[in-house]
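A.B. asks: The chain contents come next:
2 protein chains.
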Amino acid sequence: MRIIVDGMGGDNAPAEIVKGCVEASKEISDEIWIVGREEEILKELKKYKFDQSQFKIINAEEVIDNCDAPVKAVRTKKNSSMVVGLNLLKSGSGDLFISGGNTGALMAGGLFILGRIPGIDRPAITSPYPIMGKGMSLLVDAGANAECKPNNLLEFGIMGSIYMEKVFGVERPAVGLVNIGAEESKGTTVIKAAHQMMKKSSLNFVGNVEAREVPYGVCDVIVCDGFVGNTILKLTEGFALNMFQFVKKKFTEGLKSKVGAMLLLDKIKALKDEFDYSSYGGAPILGVKGAVIKIHGSSNATAVKNGILRAIPYASGHVVQIIEDAVLALEEVERGE
Amino acid sequence: MRIIVDGMGGDNAPAEIVKGCVEASKEISDEIWIVGREEEILKELKKYKFDQSQFKIINAEEVIDNCDAPVKAVRTKKNSSMVVGLNLLKSGSGDLFISGGNTGALMAGGLFILGRIPGIDRPAITSPYPIMGKGMSLLVDAGANAECKPNNLLEFGIMGSIYMEKVFGVERPAVGLVNIGAEESKGTTVIKAAHQMMKKSSLNFVGNVEAREVPYGVCDVIVCDGFVGNTILKLTEGFALNMFQFVKKKFTEGLKSKVGAMLLLDKIKALKDEFDYSSYGGAPILGVKGAVIKIHGSSNATAVKNGILRAIPYASGHVVQIIEDAVLALEEVERGE
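Here the protein sequences come in this chain order: F and U. Mapping the first sequence onto our numbering, position 101 (from 1) lands on 101, and the numbers just tick up by one. Mapping the second sequence onto our numbering, position 336 (from 1) lands on 673, and the numbers just tick up by one.
If you're looking for bench data, these hints aren't it; they were derived computationally from the structure. Beta carbons: idealized from backbone N, C-alpha and C, even for Gly. Please note that a few of the clues may not be correct.
[To be verified] Computed footprint of chain F on chain U; a stretch qualifies when at least three of its residues, placed anywhere within it, have a C-beta under 8 Å from a C-beta of chain F:
{"hint": "1", "region": "544 to 550"}
{"hint": "2", "region": "559 to 565"}
{"hint": "3", "region": "596 to 602"}
[As the list claims (entries may be wrong)] Computed footprint of chain U on chain F; a stretch qualifies when at least three of its residues, placed anywhere within it, have a C-beta under 8 Å from a C-beta of chain U:
{"hint": "4", "region": "135 to 148"}
{"hint": "5", "region": "210 to 216"}
{"hint": "6", "region": "251 to 261"}
Extracted from the complex, chain F is given alone in its bound form:
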């Protein structure tokens, strides 16, 4: 297998990206092609020892950054690491593409360069949602589609379910639909229609899931539109961060508290680790015709390494093809074939 990595994507590129690639290479025999400014990447690579035959640098002088307007950036920065990387994936020169760059541009690039999986109306950005003590659930959509139709939500469920099964080995993943009540009659017109479609599908649909239950990991795949998904992700992030800051302040007020906090240091650290998204690897952009993985923009080398290692079963398991077949089968059922 050949893994293509965006060497210039993210806040710590290319240093941490290159370091992460080197670390990952020691655990796999696959090839890693790093796309980006050759000179900069080479300078980083020289810091490490590794099997040279596993690596190749593909020069790309331009960089799409987070300030770039996604669609425009993809259309004009033809020689950016992201566009060059996606084209390598498209041409079959590589099996998967990993980037920590501008999420919107990666989505737009995926759509323009790779195209959609036939039958998928709207690709989705996903995100692992950490569940304390229990791993993660997959949130689909995490923000690409602020407005959705019922079939979009059904497709998010199908794609997420296949991903969790093939990449995380979850058997018959439980798929839940975020709603403001457990009853079928609850929610918006779109949600109600999506509920009926999901209920009739072959998914292991567990029904409506209230946001209250999401942190408990009641389902493996959390389906919602991008507005709600983005709200869930960002609220969790903001709430946890704010709470940690508050706890830190409170737990260091006075000697008694400081001693107490010292005795609990390992537990507090363990608690913080529960929110470390990076151990679950990156997040696939589901619905584009190719294995595209987004890693967090702030990824360090370990996150890059995890992103690469977790991405391998996504490509080797032919998840994109399986999604295409599943959607095709779905359409056949709908047409009564």
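Mind docking chain U on chain F? Use the hints.
C.D. replies: Just chain U now, kept in the frame of chain F:
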């Protein structure tokens, strides 16, 4: 002033409701009328000492519970404590109505019995959103209107702003619109249109607020549709509860941790208290023609007392009338008068 209290609403009714009323009565000179099953309420009242001239029991034999379908319950249970209480408010026999009963029924009852404030298209359920170390923000809508039009969101902002000013004494409350990005161009069609309306209004509109910022208390009034509002509230509730359970488990593993936790006990308790919604009183149902306050179904006597005390400025400050005038003025501006 005369305060009408639903004696039968909530999980701990009538015992905690009556106790809360008695506790509140010691801090105010206003009359409290408790509506519900006279015998049961009298039995509870007899447990306490209080100024008899402040109290009156209005008998109502029926009870609307949480399993009742809201609209049907309001239409058929004419002699329920909720319907009788709302009718007393409507007739002018009382100045405000407080209930810990079925939220949907209270909303439906408010609409059918009191009607909407002229110019308000859709009344909203509100909720205090606790901000660690900083009090609370008011969330509008907390779940009554899953689907909204732009003008609904504008009206939520106006009503919330007036409430925070008159009841909590916040000068020029900062009003934020929940969105998936800070830029004006972000979000759904409805959100984009609402943004423009709010920007042009006389509100102290701080623009889009990402869910990440909500727990930091970046605005006094958090405006969103009921689907998003309900998601924010329930996710916060579920996340905090799950985290406390996890922390409790972790902090009691092993002797060292137990000692540490003991030393931090007061800080942990203080942290939990930050999430005690009840100290902020109840939540007004904004947009109905009368001062209706919902208190949490699980309210204990203290929460009932706080609900009553906080509700007084809502009625005495003529907030409902001020909202009516503000909406009227808004319409005049729109008509160019």
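A.B. asks: Hints first: check each against the structure and report whether it holds.
C.D. replies: Outcome of the hint check:
1. 544 to 550: holds (count 4)
2. 559 to 565: Result for this restraint: holds, n = 3.
3. 596 to 602: Result for this restraint: holds, n = 6.
4. 135 to 148: holds (count 3)
5. 210 to 216: holds (count 7)
6. 251 to 261: holds (count 7)
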